[in-house]
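Q: The primary structure of each chain is shown beneath.
Number of protein chains: 2
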Amino acid sequence: MLSYRWELRHTVASVVLFLVLATSGRAHFTADSDPLPSWNEGAARSAVISFVTDAVKEGGSGYIAPEDRVAVFDMDGTLATEKPFPGAVLPIIADVKTAVGKHPELANEPGIAALLKGDIAAVEATGEAGIAQIAAAAIDGRSVDEVTSGYVKEVRTLKSPRYGVPYTQLAYRPMRELLGYLEANGFQTWICSGSPIAYTRALSKEVFGIPPERVIGTSLATRVEVRDGRVVLAYTGKVDKVVDRDGKPPAIHLAIGRRPVFVGGNVGGFGDVAMMRYAMDRGGPAFALLINHDDAAREAAYPDKGGDSLAAASRYHFRVVSMRDDWKNVFDPTVTARPPSP
Amino acid sequence: MLSYRWELRHTVASVVLFLVLATSGRAHFTADSDPLPSWNEGAARSAVISFVTDAVKEGGSGYIAPEDRVAVFDMDGTLATEKPFPGAVLPIIADVKTAVGKHPELANEPGIAALLKGDIAAVEATGEAGIAQIAAAAIDGRSVDEVTSGYVKEVRTLKSPRYGVPYTQLAYRPMRELLGYLEANGFQTWICSGSPIAYTRALSKEVFGIPPERVIGTSLATRVEVRDGRVVLAYTGKVDKVVDRDGKPPAIHLAIGRRPVFVGGNVGGFGDVAMMRYAMDRGGPAFALLINHDDAAREAAYPDKGGDSLAAASRYHFRVVSMRDDWKNVFDPTVTARPPSP
Numbered sequence: 000m001l002s003y004r005w006e007l008r009h010t011v012a013s014v015v016l017f018l019v020l021a022t023s024g025r026a027h028f029t030a031d032s033d034p035l036p037s038w039n040e041g042a043a044r045s046a047v048i049s050f051v052t053d054a055v056k057e058g059g060s061g062y063i064a065p066e067d068r069v070a071v072f073d074m075d076g077t078l079a080t081e082k083p084f085p086g087a088v089l090p091i092i093a094d095v096k097t098a099v100g101k102h103p104e105l106a107n108e109p110g111i112a113a114l115l116k117g118d119i120a121a122v123e124a125t126g127e128a129g130i131a132q133i134a135a136a137a138i139d140g141r142s143v144d145e146v147t148s149g150y151v152k153e154v155r156t157l158k159s160p161r162y163g164v165p166y167t168q169l170a171y172r173p174m175r176e177l178l179g180y181l182e183a184n185g186f187q188t189w190i191c192s193g194s195p196i197a198y199t200r201a202l203s204k205e206v207f208g209i210p211p212e213r214v215i216g217t218s219l220a221t222r223v224e225v226r227d228g229r230v231v232l233a234y235t236g237k238v239d240k241v242v243d244r245d246g247k248p249p250a251i252h253l254a255i256g257r258r259p260v261f262v263g264g265n266v267g268g269f270g271d272v273a274m275m276r277y278a279m280d281r282g283g284p285a286f287a288l289l290i291n292h293d294d295a296a297r298e299a300a301y302p303d304k305g306g307d308s309l310a311a312a313s314r315y316h317f318r319v320v321s322m323r324d325d326w327k328n329v330f331d332p333t334v335t336a337r338p339p340s341p
Numbered sequence: 000m001l002s003y004r005w006e007l008r009h010t011v012a013s014v015v016l017f018l019v020l021a022t023s024g025r026a027h028f029t030a031d032s033d034p035l036p037s038w039n040e041g042a043a044r045s046a047v048i049s050f051v052t053d054a055v056k057e058g059g060s061g062y063i064a065p066e067d068r069v070a071v072f073d074m075d076g077t078l079a080t081e082k083p084f085p086g087a088v089l090p091i092i093a094d095v096k097t098a099v100g101k102h103p104e105l106a107n108e109p110g111i112a113a114l115l116k117g118d119i120a121a122v123e124a125t126g127e128a129g130i131a132q133i134a135a136a137a138i139d140g141r142s143v144d145e146v147t148s149g150y151v152k153e154v155r156t157l158k159s160p161r162y163g164v165p166y167t168q169l170a171y172r173p174m175r176e177l178l179g180y181l182e183a184n185g186f187q188t189w190i191c192s193g194s195p196i197a198y199t200r201a202l203s204k205e206v207f208g209i210p211p212e213r214v215i216g217t218s219l220a221t222r223v224e225v226r227d228g229r230v231v232l233a234y235t236g237k238v239d240k241v242v243d244r245d246g247k248p249p250a251i252h253l254a255i256g257r258r259p260v261f262v263g264g265n266v267g268g269f270g271d272v273a274m275m276r277y278a279m280d281r282g283g284p285a286f287a288l289l290i291n292h293d294d295a296a297r298e299a300a301y302p303d304k305g306g307d308s309l310a311a312a313s314r315y316h317f318r319v320v321s322m323r324d325d326w327k328n329v330f331d332p333t334v335t336a337r338p339p340s341p
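Chains as they are written, first to last, in numbering that gives the first Met the number 0: chain L, 0 to 341; chain E, 0 to 341.
Don't read these hints as lab results, they were simulated from the structure.
Take the hints with a grain of salt, since some may be wrong.
[Claimed, not checked] Calculated lysine-lysine pairs in the PhoX-like style (CA-CA distance at most 25 Å, straight line):
1. E/LYS237 <-> L/LYS240
2. L/LYS56 <-> E/LYS204
3. L/LYS237 <-> E/LYS237
4. E/LYS240 <-> L/LYS240
5. E/LYS56 <-> L/LYS204
6. L/LYS240 <-> L/LYS204
7. L/LYS237 <-> E/LYS240
8. E/LYS96 <-> E/LYS237
9. E/LYS82 <-> E/LYS158
[Unchecked claim] Stretch by stretch, here's where chain E covers chain L in the computed footprint (C-beta under 8 Å, at least three residues):
10. 215-224
11. 227-234
12. 249-261
13. 272-278
Note that the coordinates shown come from a computational prediction; the quantities given were computed from them, not determined experimentally.
We put the CB at the ideal spot given by N, CA and C, even for glycine.
Just chain L, same shape as in the assembly:
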């Protein structure tokens, strides 16, 4: 019971602790230094470096014009850890109950129903759509500014029970290096995440070097209201659009207006395969990087059901990155995992 309350206290008040962030800045590189020091030598690292080297070589067959150098990454499980799925949704049960009191039909939404039972595994199983429903209900009526500033305050102090550090330090170091390497070579880097954009973009600049206008994600509806004589945007309690799987390419198109040439995703939910294929089929040089969560010791091992993402990688020529074999470090060296829960 004490431990349960401890967890509540330390994971308070945000739906999205699966949004995991890291505070340290990104690496800068000179032409001579190693752009990817946290990557082991191997096929994955070599393929990335070849692709980028060719992309900037004018006249070569792999050349990509600067305006086409668009790189899009999933966030949870691709740029930062998403495991274990946090019990952090529990503390917002009170907010969700208030919303259900006002709109009883919400209790039928799968994510909300699972949350009201306190069944975290069932919440996770409802996917991005279920999470979005929970988030929308929890922040119903609050202004956009309130939600952002409240979230930023909370996420800085919360610590991951597994790693013992704030969630803001749990971005993957090799991926931060990759983002920096791409930017240094004229790529515009974007996030496209199934998590609610309300949270995803709050610290994206600080953590990943990606400004809020380059974050795409599941959106919760807002409307214009006048409060205390001032125009504000307030959340309406409704989900606007869930951005996952086949929803990712349309969301990328709406935000960017062209196909990415580089996409990063991860195994675990089949959520990124559509946008990876979308990039690969663009009709020009393209790179799709699929992170395989095969490192139970340092992070987590969770292939997706039936190995669908790995099968797609083989079929559509995605480059699989083994966390265990291809990454020298997963996080900053000061961060180590406690033994995984059974």
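Guided by the hints, dock chain E onto chain L, whose structure is given.
A: Just chain E now, with coordinates in the frame of chain L:
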């Protein structure tokens, strides 16, 4: 009849000739040159220059941090002429009829109903929602790439009956100067238009210097399909979201994630007042510029009903720009209007 067919031929195949573009690049400025040569001396020009000068002066009360320098402009009637509303929608009647054949309920949509009657004034009166319905029906089933490339080809050759030049030369010269001036001072410039983004962004970089990822607008739904073994995005025939009036602040928030500090709009439909108030209420230095269409000789005169936008300008401290008095040139000097139609 001949004249009618001439118009058909010369305005073929695109719903959105109210999307008006100009091919020439934007001005570049040194510190010593006049940043706004097409603006007459006067209160509007002075206010713009004061605001921008203060915005970059660190330590001053008008200072705006670089990451907050977000400027958003309506397009039609603000960056380029939207009058006369073109008869260019007529040629796509065949496409719309095909769509109605497949989905008879479409004939009840006000914009489509007006189009099928050939009543252009009635089409215009249905506003952004009506236009969006027409566009969605006309391009139903086509891929995003087909629609973009087809549109780009057409818009380069079409000529405005009133000005006798391609629509791509009908951006407002003073506004192109303003965009350049803002960019030169570290502002990020965006378009937020009620017109379908499918067209708006096709030439935004070439004409306004604004890349496609910084164009917000009414969206037509797309979905992932596999055609000839290749992933494409295809239009579904449905409108995704109409971005106008109170819909503009939520769309800006979704795309950018923060409030603009500078917003430009125009009289004529009350479409921009919500986003102008949204900027003015941000809680820091802000500028809202409202273009008054009062220049029948060089362009057009069309106050909105009851003068609502001008009343809002007075109440909420928008800066009104008189096209007649504040602009030395409206278009590039080679472009002159024929006498307006009665």
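Q: The structure should be examined with respect to each hint, and the outcome stated for every one.
A: Right, here's what the structure says about each hint:
no.: 1; hint: E/LYS237 <-> L/LYS240; in the structure: holds (15 Å)
no.: 2; hint: L/LYS56 <-> E/LYS204; in the structure: holds (24 Å)
no.: 3; hint: L/LYS237 <-> E/LYS237; in the structure: holds (21 Å)
no.: 4; hint: E/LYS240 <-> L/LYS240; in the structure: holds (11 Å)
no.: 5; hint: E/LYS56 <-> L/LYS204; in the structure: holds (24 Å)
no.: 6; hint: L/LYS240 <-> L/LYS204; in the structure: holds (23 Å)
no.: 7; hint: L/LYS237 <-> E/LYS240; in the structure: holds (15 Å)
no.: 8; hint: E/LYS96 <-> E/LYS237; in the structure: holds (15 Å)
no.: 9; hint: E/LYS82 <-> E/LYS158; in the structure: holds (13 Å)
no.: 10; hint: 215-224; in the structure: holds (count 5)
no.: 11; hint: 227-234; in the structure: holds (count 4)
no.: 12; hint: 249-261; in the structure: holds (count 7)
no.: 13; hint: 272-278; in the structure: holds (count 3)
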